[in-house]
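Starting from the known structure of chain F, arrange chain S on it as the hints suggest.
Those sequence lines, one after another, are chains F and S.
Numbers 1 to 336, taken from my numbering, label the letters of the first sequence in order.
Numbers 1 to 444, taken from my numbering, label the letters of the second sequence in order.
Careful: at least some of the hints might be erroneous.
[As the list claims (entries may be wrong)] Mimicking DSBU-like on lysine-lysine, the simulated pairs with C-alpha atoms at most 35 Å apart in a straight line are: (1) S:K51 <-> S:K123; (2) S:K431 <-> F:K320; (3) S:K249 <-> S:K148; (4) F:K277 <-> S:K249; (5) S:K394 <-> F:K22; (6) S:K364 <-> S:K297.
[What the hints assert, rightly or not] Taking beta-carbon pairs under 7 Å as the criterion, some of the chain F residues facing chain S (in silico): (7) P12; (8) H13; (9) S16; (10) T276.
Keep in mind that the hints were calculated from the coordinates and are not lab data.
All of these numbers come straight from a predicted model, not from anything done at the bench.
Backbone N, C-alpha and C fix where the C-beta goes; we use that ideal spot for every residue, glycine too.
Here is how the chains run, residue by residue.
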Amino acid sequence: MSTKPIIISASPHVHSDRTSKKLMYDVVIALIPAFLVSLYVFGIGALIVTAVAVISCILFEYLIQKYLLKATVTINDGSALLTGILLAFNLPSNLPIWMIIVGSLVAIGVAKMSFGGLGFNIFNPALVGRVFLLISFPVQMTMWPTALENQTKIADAVTGATPLGIIKEGLQFGETMTDLSYKIPTNLDMFLGFTGGSLGEMSIIALLIGGLYLIYKKVITWHIPVTMLFTMAVITGIFWMINPEQYANPLIHLLSGGAILGAFFMATDLVTSPMTKKGMVIFAFSIGLITVVIRLFGAYPEGVSFAIIIMNAFVPLINKYFKPRRFGSKIKSKII
Amino acid sequence: MLKTFPKGGIHPPENKITASKPIKRLDPPKVVYVPISQHIGIPSKIIVERKEKVTIGQIIAKSGGYVSSNIHSPVAGTVTKLDKIFDSSGYKKQCIVIRTDLKDQSNFELIDSPLKTDIQLSKKDILQHITDYGIVGLGGATFPSHVKLNIKKDKHIDCLIINGVECEPYLTADHRLMLEKAEEILVGIEILMFALHIDKAIIGIENNKKNAIANFKELTKNNDKIQVAALKIKYPQGSEKQLVRALLKREVPKNGLPLDVGVIVHNVGTIFAIYEAVQYNKPLTERVVTVTGKTIKDPSNFWVKIGTPVIDLINEVGGLPEDTRKILNGGPMMGKAIKNTDVPVAKGTSGILVISKEEAERKKCTNCIRCNECVFVCPMGLEPYLLMNLTEKKMYETALNEDITTCIECGSCSYVCPSHRPLLDYIRFGKSIIKTLEIAKDKK
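In isolation and in its complexed conformation, chain F is listed as follows (with noise of 0.2 Å):
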């Protein structure tokens, strides 16, 4: 008999190499190209602010876990790095400091510590702490600035309106799309993101050779990304054919607004999204919808961000309803 010690464990006992560290660390990679445009375009701010939110992120979850709950701390899994980015991503390149910190310990103090730390929130944290913003500086966190003007300012940046914005109040003051199409970015311009919004969301291209990343490399699946803008086009499609003077089309809605932003890296977040692929479409979909809805009748100009916290909070639902299709539950069985 062996004297040696053994280890006497249930089966499986192999492991995939994937881990949880890794996805979050993938994600934060699909970002880093979308993260380069936006120093290109708006140069030290954009740099600025996203070391702020990511050490404010990180440092309010090491003081959460440390000192309120006294938990083991685990800021080194990646993920209030990535809420720190995504936050980043979502606010623009001249907002003050200390509302970048606000934000940051919105996100991770009340949207996921609160909650009980990772894989417990129920709201996207960067999305929390940007709506968080929106609605509590609606002035600041609506002033952009322009593209490619500003690369070494930091205070006193020229700023203005995203494309959406413009279309929204020319339409409010009568204009057309006609007029409004000499005011706005080409669609060329907004593709490679030379067109003011907020940090991370104007680059598409880059965004897309991140959102395809993380689909190679199976952190997220097409499901959400693909359903939710393809419910956009047709949606804003059905309308601008109806009246294409009233209504921007499908390209301007997908390419501007952080409509890519939203599809592949906020609405897929793995932990406030639904646990079968019917769910995902189902809320995809309404994320595509709900979007629409508040672009074209709503006061804001852009709907993503609300649109998905709206659905994160239908997820429980979702995931209670769409189940996956259980093997052996098909009474009828064929026999040849």
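Below, chain S alone, put in the same frame as chain F:
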């Protein structure tokens, strides 16, 4: 397109390092420890006494009921003890200890008999042989074969499936058997088809055993009753329900058996055992075992007598490496960790796998991040994360409604979980509690 089952499944590294090693015969072990509960069902009843002399193939424990099986002596020798020793379940179980008589020539006779193709027994006698000679499912479940073959009149069976999938990593016992005993296996299939009035059989083999597939295809060229199907590699395809779905697109109903969709499934090893029992009156006293592991010097496939202690096999392959921390009876996905190296090989032992320090320890479990991987890979369409939560919260009734009992314990969920959560551990626990509660309810 190769066939496979549509929902779930994983691709663990195959590590079939012994695939090209012919099955070696070993000298009989000095002592054998034959457990009396090597099959699912009622333990067999010991019918020998201490100091009694036994011959090879003599019945030493009689079937204890309908779902039970005879056990035969794997060696000629003397019963030295009736003792309780640890078996692969982790509990001490009753064993018959026999010291091999090394002077008895019958212990050394070659057992490879020539191929015998003509079936002389009647249908009734075939089934009687399978009952008498202690044949149980050798794929791992060890369900007594005669029970599986005793089909009620109202069931119509139209297809026999031969399970040569061997989806479990590392193991190559079935693979080698299919290469070395292909013709015998085909006769075994003919025997079953004759006994059960079935005129269609499919041999399902995963595509990582191309030589076995080619070999069978060549041998069945002129036989339109036996088909050979190559399957896409995916774990757990060797599970009966998944295999039936993959080959015939028939879904075994929840809590049902392949019988319910007109199919009978047997492992290739079982078919070979049936062949030997029917054609040569040979009881099931030996089987093919793969002894393997990344740190093992000379991993090999062996013909092993039932009751051989694991240490004998490990010594044959170069001894137990220094850094061994876990020894498995079976493969890495469904195998059982054994307590010590004295545990004997039983009818259901398809492999002995030695795992070194680096791979033996589980990683720290962290919070569930609801990534839905476990839901995605579950071949039964269950929600492992939910079942674990419900078990943790002792909500067994809800877990039952969420079909916890249909879990086949393949371990795919625990394998993929990026947070290293012990999903299957909890599901197993929940299942056992529910079983106990149901038995208690029945008693009332």
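Item to complete: Mind listing which of the numbered hints don't hold for this structure, in increasing order?
Response: 1
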